[in-house]
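Chemist: These protein sequence lines are chains A and B, in that order.
Numbering of the first sequence is given in the working numbering, commencing with residue 1 and proceeding in unit increments.
Numbering of the second sequence is given in the working numbering, commencing with residue 1001 and proceeding in unit increments.
Take the hints with a grain of salt, since some may be wrong.
The following label-pair restraints were derived from C-beta to C-beta distances [stated by the list, open to error]: (1) Val1117(B) / Thr227(A): 49 to 57 Å; (2) Pro1171(B) / Thr68(A): 48 to 56 Å; (3) Val1090(B) / Tyr239(A): 23 to 31 Å; (4) Leu1160(B) / Gly143(A): 51 to 59 Å; (5) Pro49(A) / Trp1217(B): 17 to 25 Å; (6) Ile85(A) / Leu1160(B): 42 to 50 Å; (7) Val28(A) / Asn1229(B): 54 to 62 Å; (8) Leu1299(B) / Pro49(A): 46 to 54 Å; (9) Pro1171(B) / Val28(A): 34 to 42 Å; (10) Val270(A) / Gln1165(B): 35 to 43 Å.
Since the hints were made in silico from the structure, they are not lab data.
Please read all numbers here as calculations on a predicted model, not as lab measurements.
All residues carry an ideal CB built from backbone N, CA and C; glycine is no exception.
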Amino acid sequence: MSSSRAYRPSGKSPADKLRTSLIYVLLVIGVGIMLFPFLWMVATSFKLPQDVYNLRLIPETITFDNYTAIFKKAPFGDWIKNTLIISLIATATVVVFDTAAGYVLAKFSFFGKQIIFLIIISTLMVPTEMLIIPWYLIANDLGWSDTYWGVLFPGIITAFGIFLMRQFMDSIPSDLLDAARIDGLNEWRILAQIAIPLVKPAIVTLIILTFIGNWNQFIWPLIVLQTEEKFTLPVGIVYFSSELKDTSNWILIMAGTTISIAPLILLFLVFQKQIIRGIALSGMK
Amino acid sequence: MLEQALRLTARKSRELLHTRLTYRTQRYLFIYIALGIPLLYFLSTRMAPILYAFNVSVREWDLLSQDKPYVGLANFSALFADEIFQKSIVNTFKFVIIGVPGQLIVGLAVALLLHNVQRFRGFFRTVYFIPYVTSIIAVSWVFRWILMRNGWLNEMLLNLGLEPQLFLQSPRQALLLITLTMIWQSTGFQMLIFMTGLEAIPRMYYEAAAIDGAGAWRKFRHITLPLLNPVIVFSAVIGVISYLQSFGQVLSMTNGGPLNATTTMVLHIYNLAFQQFKMGSAAAATVVLFAVILALTLLQLKVLNKKVEY
């Protein structure tokens, strides 16, 4: 640090200041590009039908009618409930199974461990599209289509999560676990009371990423769900918007997209530290 | 009395069980349960379905009929003779060719900008990341609205005295615009992995280069880029896989139109399987997609991951 300053004694020269200002200008333009679609979406959703083509970002008259209207026009309440239930169940099973599997892969050595790890990781290479047709045929045969379980069964354990947990569990000192064994704790209690508290941040990250992934997942629910009341939000949005697009009812479509996006933006703003760290670490390791 | 006796027996048997479960057995039981369930799960929901997909791809698979006769590679030859499938392959590669370098450059540029400022870094990082966590479907409909014939962008063009554009209804513009929305949505993720990469580069390299009188461009060209190589490979591999699977945006923004100008392989697979119920052809198309993804990923790892001399 100090040496680089020494070679640039004019650390705060006018040229440097200009350069920094230019960077901030570019970054602010970027902020505009990133946020404008959301602002325009929210603005449209609060507009009266006659103002829909008005370019004002803050409507002259703000109305909540579009929000009450979409709940009457489509089972948005059901869609929110379905999405929430499915996302919560999937997150719970993923956390339990992925954590335990990641722990075993990181902290135990036994015959066949590498092969098992390879099998699990190689499933990440398989595109979901290839699995969807067999899943659909299986779900049809077993009577799982159009049910919560039908949506859930492909995602109750994830290879990504096992990989993530393995990476984090790896840093737990083995001595600590051995000490607990000598104290007579069984393996389940060691996992629950010693290992898990040590990787709590990673588990929080896994929880949030899994929840977001399930909330937004689209192609599989689109295929396995058939009745309107069973839809999840993304499937419902496509269904609802496709119906309305011919009437150009954009104020209602934007109210619908706002409802499906807003909870996730709020979740992200609350947990952004964990989310960003989780993605950075899973990407780099 | 009896109750007490029963409780006593229960405790005794528990104690016995506890001593029987020696450390070794307990440990193996733990491993079997913790790893066995996921292993069985992946074998049954991933490995077996892959074999099933191969099986479906060599049969004439009509959902309504009982027998699914073996037809060999007929589905594949029909597929490659199908003009829409050919077009969908070309389109999918267009998505990859525009999207992957596009998101790489945008993500790296944002990361470099952020790396050079101190104040508000967290704020910018948060804002740029927001699109990545939102639903592809919802976002696609927002862009569709902005790009409508009488949507915001055309109104702006009119206000500036320019010609309104067809945008998503134009066979020439639609694919590029969908790719741009994909780049927009992935910028935050790309920025993040590049920022992590940049932070891992030791400062002393730049200091040494500064002593040698290297300018900003030479430092970027000879230090930043080579040292970021693993991150670039990672970004490119993830990018190629995700652009090869383009679906949600296309379905929501154009549904493949106009004139199949934006139909992708996955959209075509979806239409074959779930609109026309030709499971055999659709499964054959997924096998082709799988092969393409596998080949490109391996090729990329080989070409891009060569050791760099510093």
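Chemist: State for each hint whether it applies.
Modeler: Evaluation of the provided hints:
no., hint, result
1, Val1117(B) / Thr227(A): 49 to 57 Å, "holds (51 Å)"
2, Pro1171(B) / Thr68(A): 48 to 56 Å, "violated (40 Å)"
3, Val1090(B) / Tyr239(A): 23 to 31 Å, "holds (30 Å)"
4, Leu1160(B) / Gly143(A): 51 to 59 Å, "holds (58 Å)"
5, Pro49(A) / Trp1217(B): 17 to 25 Å, "violated (54 Å)"
6, Ile85(A) / Leu1160(B): 42 to 50 Å, "holds (48 Å)"
7, Val28(A) / Asn1229(B): 54 to 62 Å, "violated (31 Å)"
8, Leu1299(B) / Pro49(A): 46 to 54 Å, "holds (53 Å)"
9, Pro1171(B) / Val28(A): 34 to 42 Å, "holds (35 Å)"
10, Val270(A) / Gln1165(B): 35 to 43 Å, "holds (39 Å)"
Hint compliance for this structure: hints 2, 5, 7 are not met, and every other hint is.
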